[in-house]
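Q: Work out the full structure, taking the sequences as your base and the hints as a guide.
Residues 22 to 250 (the numbering used here) are what the sequence shown spells out, left to right.
Hints are computed from structural coordinates only; laboratory data are not their basis. Treat each hint with caution, since some may be false.
Claimed, not checked - FRET-style restraints, in silico, Cβ to Cβ:
1. T55 x M217: 42 to 50 Å
2. N96 x L137: 48 to 56 Å
3. G209 x S51: 55 to 63 Å
4. R206 x T160: 19 to 27 Å
5. T55 x Q110: 39 to 47 Å
6. Y118 x V50: 29 to 37 Å
Positions of the beta carbon are idealized from the N, C-alpha and C atoms, including for glycine.
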Amino acid sequence: MGIQNKGLGGLLLLLLGWPIGALAMYFLVSVMQTLREHQLLVKPQKCSFAQHEIQYLGHIISAQGVSANPGKISNMVSWSKPTSLKRLQGFLGLIGYYRKFIKNNGTISVPLTKLLKKGCFEWSMEADVAFAKLKTALTSTPVLTLPDFTHPFSIECDTSDFGIGGVLTQDGCPIAFTSKGLVERHRGLSTYEKEMMAILHAVGKWRSYLLGRHFTIVINRSSQHQVYG
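A: Below is the structure:
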């Protein structure tokens, strides 16, 4: 474990996950020995061991996977309609933090992100619909599966007139979503060109998962392509 003591005081956050048993105890002892070697101290009252579920940076992590913290989601769902650029930026910032849970987040957000341009903040019916759609999406965020690097990955890509997107999966279960809106000059591209943009976007996004591994690309659920990363 490459821990270096840079003389920084404050919080050191360690999140360790193994099946409970002898192997877990072995790794836990190894971590504690490494901390001692680097003169890093932990307070017993700040530690939790053998937890089936933990809250971590606005997420809940369990054996089932990763889900959004309901308390954080509740705050966003109750967010009032933005009446200023600053309020819109605040809402989109929170949405961005949970974007991996929201299918087509980038596409849905296009009417709102357009309002971020200088001198363009003028709330419209289109913005109202997008605002409502994002709130609805937040109330039904899925539990995302934790990646298992012994299983193959798949990427399902999708396109529309206004955006591209994809979902990284294993055994049919989602690990993360990604999407982005298309700029004006790309909206007139052919379906095949948009599909290639979606593939490049998704593979680039999840390169660390895919590099050196076989994975499958599914385009609009109609065709599959085996790829080696």
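Q: If a hint holds in the structure, say so; if it doesn't, say that too.
A: Evaluation of the provided hints:
1. Our hint of 42 to 50 Å for T55 and M217 holds, since their Cβ atoms are close to 45 Å apart.
2. The supplied range of 48 to 56 Å is broken by N96 and L137, whose beta-carbon atoms lie about 21 Å from each other.
3. In this structure, G209 and S51 meet the distance hint of 55 to 63 Å, their C-beta atoms being roughly 56 Å apart.
4. For R206 paired with T160, a C-beta distance near 35 Å fails the hint of 19 to 27 Å.
5. Restraint check, T55 to Q110: a C-beta distance of roughly 41 Å satisfies the suggested window 39 to 47 Å.
6. In this structure the hint that Y118 and V50 lie 29 to 37 Å apart at CB holds, the actual value being about 35 Å.
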